[in-house]
Amino acid sequence: MAGAPRANPGTSMAALLEIAGISKRFSGLKAVQNVSFEVPEGAIVGLIGPNGAGKTTCFNLIAGVYRPEAGEIRLAGRRIDGWRPDQICRAGLGRTFQLVKPFAGLTVLENVVVGALKQCRSVRAAEAIAAQVVEQLGLKSKCHEPAGSLTLPDRKRLEVARALATAPRILLLDEVMAGLRPTETDRMVGLFKDLNARLGLTILLIEHVMRAVMALSRQVVVLHHGQVIATGPPGEVTRDPAVLECYLGEDAL
Amino acid sequence: MRAPWLDGAPSREIILLCLLLAALILFPALANDYLITVLILIFYFAYVGQAWNLMMGFAGQLSLGHALYVGLGAYAAAALYVHFGISPWLGLWASVAVAATTGALIGFLAFRFGVAGVYFAILTIAFAEFARLAFDHWSWVGGSAGFFLPVANYAKNDLINLRGSPTMFYYVLLAMTVGAFLLCHALLRSRAGYYWLAIRESPEAAQALGINLFRYRMSVVVLSAAMTSLGGVVFAFYYNNLFPEQVFHISRSIELILAPIIGGIGTLFGPIIGAFLLTALAEGLDAIMRAVGLDVPGMKQIFYGVCLLVVVLFLPDGVWPPLAKLLRLDGRRAQGQPGY
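These protein sequence lines map, in sequence, to chains A and B. Positions 21 to 273 (the working numbering) are the ones given, in order, by the first sequence. Positions 67 to 406 (the working numbering) are the ones given, in order, by the second sequence.
Treat the hints as calculated values from the structure; they're not laboratory data. Incorrect hints may appear among the rest.
[As the list claims (entries may be wrong)] The list that follows gives simulated cross-link-like pairs (lysine to any residue, SDA-like), each with its CA atoms no further than 20 Å apart:
1) LYS138(A) x GLY259(B)
2) LYS138(A) x LEU279(B)
3) LYS121(A) x ALA182(B)
4) LYS121(A) x PRO269(B)
5) LYS160(A) x HIS244(A)
6) LYS213(A) x ARG189(A)
7) LYS391(B) x THR205(A)
8) LYS121(A) x GLY259(B)
9) LYS138(A) x ALA96(A)
10) LYS138(A) x PRO269(B)
11) LYS138(A) x LEU248(B)
12) LYS138(A) x LYS391(B)
13) LYS391(B) x LYS160(A)
14) LYS391(B) x GLY125(A)
15) LYS138(A) x VAL238(B)
16) LYS138(A) x GLN107(A)
17) LYS138(A) x THR103(B)
18) LYS138(A) x ALA258(B)
19) LYS121(A) x GLU270(B)
20) LYS222(B) x THR103(B)
21) LYS138(A) x SER256(B)
22) LYS222(B) x TRP206(B)
This structure is a prediction, so every number in the text was calculated from the model and none was measured.
Sequences are here, hints too, so could you generate the full structure?
Written out as structure tokens, the structure reads:
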């Protein structure tokens, strides 16, 4: 089960993002080992697993922060492994950072304008788009405040806004619900569902908030010790003994 | 919001700026020669400070070797003028080309091989020192004995060859300072400006948003080097002498970053306010010292040190941001944004 390379990558015409056998080590620690999965066009896929399972490393491999030591990553059929993050963004992949990285000295709106410039010829057009995205994320009342003064939940929202403003085909969300109140989580879930339904935005999300994972993803990939231990619909995966074991420990079963 | 003073009717800021500019244009008619030379110094530091600020204040790339570009600009235009009689208005293109190429080389080495932060700053110092040593031994431009331009005939202003009175240099430098201000103002509202600020705040996030870090870091270094070299051209033709030991010396690099630091890094008015404050106060101190008959060598350097200390301790953002707040000219800065 542990992430054998896909025998049949040819069937994946509909897969927007294909991960095939990627690996990454950090001086001896095998952070990601031979991980393979696909994100079909228009899908919402959850990437879950206990702390230290390699989820964020996986994201960083996909987004080009690290180069995979083995394996292939394809976005819309094109190989993107080895590309720089900015090239991958231009190819249509937007991502948020788990440890948020706002442009602290710029206003919320300016943060989002930087993202929107990717899809706009003029600064004016980018400002218009940024204003829309800021409103969508419920940050309008704070749009002229410096990003550095935002609370953590708002910073998470800003991460999403900035990534969305680049008009990505696929959005990688790294724990954007962490620290949100349940009502805020539901609102964010609603937003992603809406973007997915209305614009066909494909989403791959790392999330610990199971409420959000259950509500959003049709498909879940479970990582443990850098390996895929289960894939399937969330209801099924959460009953999988291997998954329960990695979360709760062997004794609990 | 982005350009509160470009939209609609002229705002407070525009009116105040126009008044200030008018006063500066009329100033030489009323002031004596001494005051004009002080203002020349102020404009010079405001101009090169603005050029340095573009790189450090906007894009977060710390250069401690900007004297390199001043010197290269100065020597290129001066050598073409002295050896071939080429007008500095043509020579300045050579200055810009030499400085921009050198900036591109430093930038390439740094950004291609991941030299960042303090190490980048050290690289800029190293290149300035290379240049100092190289020019010390380059006899075509006088070597360590210095390179001299024919001294100006003060009776007649020759703008074509930049030979003339301090008043002429006053206007040349005033125009350059205003030009640099307007250029930076426009740049900040452009795509490049947004991208530089993003890179300054978080290179990783900037890159994740599709920004080519190498390209935009290179562009700001080349632009800053080119702008600084024009300051060097005027420097050469104003002082008429160039010594590698002075022009390229690290103390010159430090001197030219004091104004933007004290005025406010990353603000458009910072370098200008800083240059005014520092130069005016230093000259005032000089006058007092002369009046009481004290001659303490290095007094100015000590004074600069004290100024820097005071600013770092009490006004870490520089003088301009709180001053702007006080004058209610702080459109954007009010909420703690990088000032414009």
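Evaluated hints:
1. LYS138(A) x GLY259(B): Holds, at roughly 14 Å.
2. LYS138(A) x LEU279(B): holds, 14 Å
3. LYS121(A) x ALA182(B): holds, 19 Å
4. LYS121(A) x PRO269(B): Roughly 9 Å between the alpha carbons, so the hint for LYS121(A) and PRO269(B) holds.
5. LYS160(A) x HIS244(A): The hint is violated at about 39 Å.
6. LYS213(A) x ARG189(A): Measuring from Cα to Cα gives roughly 15 Å; hence the hint holds.
7. LYS391(B) x THR205(A): Cα-Cα ~39 Å, so violated.
8. LYS121(A) x GLY259(B): Distance ~19 Å between LYS121(A) and GLY259(B) Cα, so the pair holds.
9. LYS138(A) x ALA96(A): Roughly 19 Å between the alpha carbons, so the hint for LYS138(A) and ALA96(A) holds.
10. LYS138(A) x PRO269(B): Answer holds: LYS138(A) to PRO269(B) is near 16 Å, not above 20 Å.
11. LYS138(A) x LEU248(B): violated, 26 Å
12. LYS138(A) x LYS391(B): At roughly 34 Å apart (the allowed maximum being 20 Å), LYS391(B) and LYS138(A) break the hint.
13. LYS391(B) x LYS160(A): Not OK: LYS391(B) and LYS160(A) at ~24 Å, beyond 20 Å, violated.
14. LYS391(B) x GLY125(A): holds, 17 Å
15. LYS138(A) x VAL238(B): With Cα atoms ~39 Å apart, LYS138(A) and VAL238(B) exceed 20 Å; violated.
16. LYS138(A) x GLN107(A): Since the Cα atoms of LYS138(A) and GLN107(A) sit roughly 11 Å apart, the hinted pair holds (cutoff 20 Å).
17. LYS138(A) x THR103(B): Violated, at roughly 47 Å.
18. LYS138(A) x ALA258(B): holds, 12 Å
19. LYS121(A) x GLU270(B): holds, 8 Å
20. LYS222(B) x THR103(B): holds, 18 Å
21. LYS138(A) x SER256(B): Holds: LYS138(A) and SER256(B) sit about 13 Å apart, inside 20 Å.
22. LYS222(B) x TRP206(B): Outside the cut-off at roughly 29 Å; violated.
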